[in-house]
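Colleague: So you can see what is in the structure, the chains are spelled out below.
Number of protein chains: 2
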Amino acid sequence: MNCPTSIKELINSFKCLPGIGEKSAERFAYHVIDMDKDTVKAFSEALLNVKNKIKYCPKCNFITENEICDICSDPSRDKETLCVVEDIKSVIRFEELNVYNGKYFVLDKLISPFDKIGPEETNIDKLLKTIEENNIKEIILAIKPTIEGEATSLYIEKMLQEKKNIDISKIAHGIPLGVEMEYLDSLTIELAFKDRKKIS
Amino acid sequence: MNCPTSIKELINSFKCLPGIGEKSAERFAYHVIDMDKDTVKAFSEALLNVKNKIKYCPKCNFITENEICDICSDPSRDKETLCVVEDIKSVIRFEELNVYNGKYFVLDKLISPFDKIGPEETNIDKLLKTIEENNIKEIILAIKPTIEGEATSLYIEKMLQEKKNIDISKIAHGIPLGVEMEYLDSLTIELAFKDRKKIS
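Going down the list, the protein sequences come from chains A and B.
Under the numbering used here, think of the first position of the first sequence as 89, with each following residue one higher.
Under the numbering used here, think of the first position of the second sequence as 89, with each following residue one higher.
Note that these hints are calculated values from the structure, not bench results.
A few of these clues could be false.
With a cut-off of at most 20 Å between alpha-carbon atoms, the simulated PhoX-like pairs for lysine-lysine come out as follows [stated by the list, open to error]:
id: 1; chain 1: B; residue 1: K147; chain 2: A; residue 2: K129
id: 2; chain 1: B; residue 1: K103; chain 2: A; residue 2: K111
id: 3; chain 1: B; residue 1: K225; chain 2: B; residue 2: K251
id: 4; chain 1: B; residue 1: K147; chain 2: B; residue 2: K197
id: 5; chain 1: A; residue 1: K147; chain 2: A; residue 2: K125
id: 6; chain 1: A; residue 1: K129; chain 2: B; residue 2: K141
id: 7; chain 1: B; residue 1: K251; chain 2: A; residue 2: K111
id: 8; chain 1: B; residue 1: K197; chain 2: A; residue 2: K96
id: 9; chain 1: A; residue 1: K141; chain 2: B; residue 2: K129
id: 10; chain 1: A; residue 1: K125; chain 2: B; residue 2: K103
id: 11; chain 1: A; residue 1: K141; chain 2: B; residue 2: K125
id: 12; chain 1: B; residue 1: K251; chain 2: A; residue 2: K129
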């Protein structure tokens, strides 16, 4: 007896998700059999929609369904402050908590000596250009304090040290080493924004 | 700032899966953005295929893409022995291990006094009809030994006690209480089939 092909294919698809092994994928696939037909259709369409509609904002690299993301196109936000983050999850978390009202820049990739990712393979060049072109007055580095994060922050700091008219700060207070931004409690994130420390 | 609608919808879809909460669903959805376009398309189609193609076999309630499942339509299998299981996952596990060569009957629902599921809400009537019509000589009850499983086994045993020409046995050796069949090691399952105990 062989498991029906369609089930096998769905198990393989679920196994593409992060942290999902054979047993969990099987459990999900068998669950789908008993799900409501409309729910499965919506699920199937949601997958395609995300892939077809979601683009990266050309200004800040955050996700959007439009040409420019909601944050970049919002005139009420502080245009002269730029918060540099590692990933889109950081932006979503900060926005949820409403702790910051400037613009963002998503690096996506950090400098990593171990993985042989140098500054030229990151978005840092684009970041420097953005700072130049948009007359940014303040940079907040909100990158998690891992080796890669620190290396990236230091590099950005060094590249900007000649610009005397820009304040650079780093979010600080209480962000523990090696923790993902998205799982931090709101107070820690709020304090980290409030107690940011000038570094140049 | 609002998270793009298509992402929100995908997060909600992932949350329909068993054991998946907000954070895991978000993690999966963000992962989909960076997945290969063809992989996402295949995933989306796999969901629809499972929902559209998978049916329950009218004879044994196992899953199939055809009118009758592979096991029921296999002439090489022992037609006179019927293994009664709780769910399709049990069938798949037993088939993987190749410990049994008869037919199956999937109950799907067990009798549960606590959830007010009586025998009339289960497939037991259909099971009795199947036994009658197919001239079954041996029944193997392979239901896990929880309160619901035991209640169901006892009820089936009681319903069959007048049929003197049917051997009823229960898989036995070493199946620990409250464990899901699909996670058991092969030796335990093999021994349980081998050491099944006649109960009437």
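Colleague: With reference to the structure, classify each hint as holding or not holding.
Modeller: Hint by hint, here is what the structure shows:
no.: 1; hint: K147/B to K129/A; in the structure: 28 Å, violated
no.: 2; hint: K103/B to K111/A; in the structure: 18 Å, holds
no.: 3; hint: K225/B to K251/B; in the structure: 10 Å, holds
no.: 4; hint: K147/B to K197/B; in the structure: 16 Å, holds
no.: 5; hint: K147/A to K125/A; in the structure: 40 Å, violated
no.: 6; hint: K129/A to K141/B; in the structure: 13 Å, holds
no.: 7; hint: K251/B to K111/A; in the structure: 40 Å, violated
no.: 8; hint: K197/B to K96/A; in the structure: 24 Å, violated
no.: 9; hint: K141/A to K129/B; in the structure: 13 Å, holds
no.: 10; hint: K125/A to K103/B; in the structure: 16 Å, holds
no.: 11; hint: K141/A to K125/B; in the structure: 12 Å, holds
no.: 12; hint: K251/B to K129/A; in the structure: 47 Å, violated
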